[in-house]
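Please arrange chain F on chain X, whose structure you already have, making use of the hints.
2 protein chains.
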Amino acid sequence: MNTIEPVVSSPRKPPEENGASQQRAADWENPRVASILSAAAKCFARKGFTATTLAEIGKELGLRKSIVHYYFASKAALIHEVQSFTYHRYLDRLKEATQNGDGSTSQAMEALKALWEAIQNNKTGTGLNIEVWSAARRDPELKRRAAGLQRDARQVIREAMGPAAAKGGVNRSEALATLSLAVLNGLSVTEYLEGDEMRAREAYETFLQLLRLGLESSSAPS
Amino acid sequence: MNTIEPVVSSPRKPPEENGASQQRAADWENPRVASILSAAAKCFARKGFTATTLAEIGKELGLRKSIVHYYFASKAALIHEVQSFTYHRYLDRLKEATQNGDGSTSQAMEALKALWEAIQNNKTGTGLNIEVWSAARRDPELKRRAAGLQRDARQVIREAMGPAAAKGGVNRSEALATLSLAVLNGLSVTEYLEGDEMRAREAYETFLQLLRLGLESSSAPS
Numbered sequence: 042m043n044t045i046e047p048v049v050s051s052p053r054k055p056p057e058e059n060g061a062s063q064q065r066a067a068d069w070e071n072p073r074v075a076s077i078l079s080a081a082a083k084c085f086a087r088k089g090f091t092a093t094t095l096a097e098i099g100k101e102l103g104l105r106k107s108i109v110h111y112y113f114a115s116k117a118a119l120i121h122e123v124q125s126f127t128y129h130r131y132l133d134r135l136k137e138a139t140q141n142g143d144g145s146t147s148q149a150m151e152a153l154k155a156l157w158e159a160i161q162n163n164k165t166g167t168g169l170n171i172e173v174w175s176a177a178r179r180d181p182e183l184k185r186r187a188a189g190l191q192r193d194a195r196q197v198i199r200e201a202m203g204p205a206a207a208k209g210g211v212n213r214s215e216a217l218a219t220l221s222l223a224v225l226n227g228l229s230v231t232e233y234l235e236g237d238e239m240r241a242r243e244a245y246e247t248f249l250q251l252l253r254l255g256l257e258s259s260s261a262p263s
Numbered sequence: 042m043n044t045i046e047p048v049v050s051s052p053r054k055p056p057e058e059n060g061a062s063q064q065r066a067a068d069w070e071n072p073r074v075a076s077i078l079s080a081a082a083k084c085f086a087r088k089g090f091t092a093t094t095l096a097e098i099g100k101e102l103g104l105r106k107s108i109v110h111y112y113f114a115s116k117a118a119l120i121h122e123v124q125s126f127t128y129h130r131y132l133d134r135l136k137e138a139t140q141n142g143d144g145s146t147s148q149a150m151e152a153l154k155a156l157w158e159a160i161q162n163n164k165t166g167t168g169l170n171i172e173v174w175s176a177a178r179r180d181p182e183l184k185r186r187a188a189g190l191q192r193d194a195r196q197v198i199r200e201a202m203g204p205a206a207a208k209g210g211v212n213r214s215e216a217l218a219t220l221s222l223a224v225l226n227g228l229s230v231t232e233y234l235e236g237d238e239m240r241a242r243e244a245y246e247t248f249l250q251l252l253r254l255g256l257e258s259s260s261a262p263s
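Residue numbers (my numbering), protein chains in the order written: chain X, 42 to 263; chain F, 42 to 263.
A hint or two may mislead.
One copy or any two copies: either way a pair holds, since identical chains are not told apart in the list.
What the hints assert, rightly or not - Here are the simulated DSBU-like pairs of lysine-lysine, each with C-alpha atoms no more than 30 Å apart in a straight line: (1) 106 <-> 208; (2) 116 <-> 184; (3) 83 <-> 116; (4) 100 <-> 116; (5) 88 <-> 116.
Source of the hints: derived by calculation from the structure; they are not laboratory data.
Chain X on its own, in the form it takes in the complex (with noise of 0.2 Å):
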């Protein structure tokens, strides 16, 4: 099974106002993008951003470099792209699992696990967040774009912890999804510096425990 596929099931968005250095709009649903997306995210957790080049990523499918050009303007459009790739195929999948459920506190942290697991099965994905923070200090656009990719993450986390967390305000349900997207992201660090998966896994299921208490605690903080 490979393991990178585009499962896209929305048409992209269209490219965000302000769009001077924006590179074509990628579309996943052609092979040849995913294809590319797929050796580019290889490449990148293999050598890192710095080390790796257009040339290679093509070389990797027996492209020349002037085919991944012509998909990809540049090095940091196809960085975000390919984050952006792993991203969406995380959330779609927690939309999905959200829209099939039955609202409840239990399904919520079902579909919150389930996205732990699949985050898990992607070692490559961390490193690749890793990159991309750290060129966004250097590449405002690519900083703009990865800001965006956690508003759209923190959204999809928010409907899928359900009308639990909405009890408590707007304030409080948006709290409870940076928390959790941050929860996710400092894990992966975690796993990754130390790589020690049980650590890090059991802290995520304290993490739902806690989740779960505020949830059901009446108590609701204004």
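Chain F alone, transformed into the frame defined by chain X:
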């Protein structure tokens, strides 16, 4: 008021075993060492690791490169020391608050809140963390040291959480400490990417509420 001062109260630990590539152990109480670390932190935050040279760090202080090199054998060694210096500054404060406290959950929450404020006051710290995580991908020694810092931080946090965390057993207090550190790291990333201090702060306060609920719930999972 100088923002970076050597406030290290305990003597440096001796260099760890397996020190083939170890540099001289930096003495944080030496004013020159402290000034180099402070200048390095500024340069790294401004330009990133890659673009910063030992010569430039020396120039900030009117020192020759050879002097910087006398104290720090390499840029990687300096990077680690800067991060370590910053971490231990926070951790020593947290330790102090814990030792002077009454061991109550309220006091633990106050200490964890103070830790957040201290981190917030050092805007270059997150950038530095991200640079270290990124550089650790290509430098196993740096990764090992960054993992060591995470362990040190967890231990101090576990102690700060006091007897309430220990009630659920070693595994639970360890999981809570791992989670707390991940929340600090994850929310730093949120704030760094989105520049939204209020969002990160509200999520952290929500975390402390959940943590308190968890610590106070008698039904601590085994």
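Results of checking the hints against the structure:
In this assembly of identical chains, residue 106 and residue 208 lie within 30 Å of each other by CA distance neither inside one copy nor across copies; the values are 52 Å within and 60 Å between. Within a single copy, residue 116 and residue 184 get their C-alpha atoms as close as 14 Å, and across copies as close as 26 Å, so both meet the 30 Å cut-off. In the homo-oligomer, the alpha carbons of residue 83 and residue 116 lie at most 30 Å apart both inside one protomer (14 Å) and across protomers (28 Å), since each shortest distance falls under that limit. When the C-alpha separation of residue 100 and residue 116 is checked against a cutoff of 30 Å, the pair qualifies only within one copy, where the shortest distance is 15 Å, while the shortest distance between copies is 34 Å.
In this assembly of identical chains, the alpha carbons of residue 88 and residue 116 lie at most 30 Å apart whether taken from the same copy (14 Å) or from different copies (20 Å).
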